[in-house]
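Asker: As they're listed, the protein sequences go chains H and C.
Counted the way the working numbering counts, the first sequence spans residues 47 to 177.
Counted the way the working numbering counts, the second sequence spans residues 628 to 750.
None of these hints come from the bench; they were simulated from the model.
Just so we're clear, the structure is a prediction, and the values are computed from it rather than from any experiment.
In this text, a Cβ means the ideal position worked out from N, Cα and C, and glycines have one as well.
Accuracy of the hints is not assured; some may be wrong.
No farther apart than 16 angstroms at their CA atoms in a straight line, the calculated lysine to aspartate or glutamate pairs in the EDC-like style are these [claimed, not checked]:
{"hint": "1", "chain 1": "C", "residue 1": "650", "chain 2": "H", "residue 2": "99"}
{"hint": "2", "chain 1": "H", "residue 1": "68", "chain 2": "C", "residue 2": "630"}
{"hint": "3", "chain 1": "C", "residue 1": "715", "chain 2": "C", "residue 2": "659"}
{"hint": "4", "chain 1": "C", "residue 1": "682", "chain 2": "C", "residue 2": "747"}
Facing chain C, from chain H, some residues (calculated, C-beta under 10 angstroms) [what the hints assert, rightly or not]:
{"hint": "5", "residue": "89"}
{"hint": "6", "residue": "104"}
{"hint": "7", "residue": "126"}
{"hint": "8", "residue": "148"}
{"hint": "9", "residue": "168"}
Listed below, chain by chain, are the residues.
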Amino acid sequence: MNYIAVAIGGFFGAVIRDLIGKIIVANIFPVGTLTINLLGSFFLLFLTTIFLEKVNISDTVRLGITSGFLGAFTTFSTLAKETYVLLTQGKFFVGFGYIVLSLGGGFFTGILGRALALYLANLNINVKDEG
Amino acid sequence: MIDLILIGFGGSMGAVLRFTLTKKIGERYQGDWPLATFLINLIGSFGLGLLYGLKLNQVIWLLLGTGFFGGFTTFSTYIYEAIFLMEKGLFWKNVNYLLTSIFTGVVFFAAGMGLANFFEGGV
Chain H
47 MNYIAVAIGG FFGAVIRDLI GKIIVANIFP VGTLTINLLG SFFLLFLTTI FLEKVNISDT
107 VRLGITSGFL GAFTTFSTLA KETYVLLTQG KFFVGFGYIV LSLGGGFFTG ILGRALALYL
167 ANLNINVKDE G
Chain C
628 MIDLILIGFG GSMGAVLRFT LTKKIGERYQ GDWPLATFLI NLIGSFGLGL LYGLKLNQVI
688 WLLLGTGFFG GFTTFSTYIY EAIFLMEKGL FWKNVNYLLT SIFTGVVFFA AGMGLANFFE
748 GGV
């Protein structure tokens, strides 16, 4: 059952990655992948923390969203490809800037997601009891 | 529409393979280093490089490139693991993991392209 949930999540994660990648396009910089990876990092840290601390959901649904959807939505191989392309075009500054923004930005948005989840979990809203 | 189904199908297979490998590797290796995601991202970068270099048709690119390798490799879990290394007090391991992954990822992508060129009798 978990495998099916991961497959369904992975299907939609990849499709939505492609759609967002087509909407957010810039000439000098792979802004689409950057946006996708930063958003995905925020939501993965937010959701895993909130699922652990506050909201009870089944393992199947949790894995479908985290390992399936967010795992496939964000991508590492495209980041490697785009960096390679920038560097081989001689755009060293843009290439290294892209890595710094991706890693630094992902780390920052991830911590932001986790902090927000911990903050919400410590408020006196008993989502767990109601759910 | 067909494009999206190709991407979705490839992505679902990539996600399931990543999920399975992460579980299998996690059962055998219990160290701090996020070995499973590390290997997955390197293999996936190599595979994408190979595919990119082979310049096959658009259908295969959408299915295997955007779909499969895009869904197999993951950025969000990579960041998640880095943040948890830091929370465990392993700050330098976190930095090491982040930097080693991306630099070897780019090298593996280039190696995949190199292999593709070799197949095609290029470089």
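Asker: Does each hint fit the structure? Answer for all of them.
Answerer: Verification of the hints:
With a C-alpha separation of about 23 angstroms, the suggested pairing of residue 650(C) with residue 99(H) is violated against the 16 angstroms cut-off. For the proposed pair residue 68(H) and residue 630(C), the alpha carbon gap of about 13 angstroms is at most 16 angstroms, so the pair holds. Distance restraint check for residue 715(C) and residue 659(C): the Cα-Cα separation of roughly 10 angstroms lies within the 16 angstroms cut-off, and the hinted pair is therefore satisfied. Distance restraint check for residue 682(C) and residue 747(C): the Cα-Cα separation of roughly 10 angstroms lies within the 16 angstroms cut-off, and the hinted pair is therefore satisfied.
Below 10 angstroms, beta-carbon pairs count as interface contacts, and residue 89(H) has one with chain C at about 8 angstroms; its hint therefore holds. For residue 104(H), the suggested interface contact is broken, since its CB lies about 16 angstroms from the closest CB of chain C, more than 10 angstroms. This hint holds: residue 126(H) has a C-beta 4 angstroms from the nearest C-beta of chain C, less than the 10 angstroms allowed. Satisfaction of the interface hint for residue 148(H) is found here, the shortest Cβ-Cβ separation to chain C being roughly 8 angstroms, below the 10 angstroms cut-off.
Taking 10 angstroms as the C-beta cut-off, the interface hint given for residue 168(H) is violated, the closest approach to chain C being about 17 angstroms.
Checked against the numbered hints above, the structure violates hints 1, 6, 9; every other hint is satisfied.
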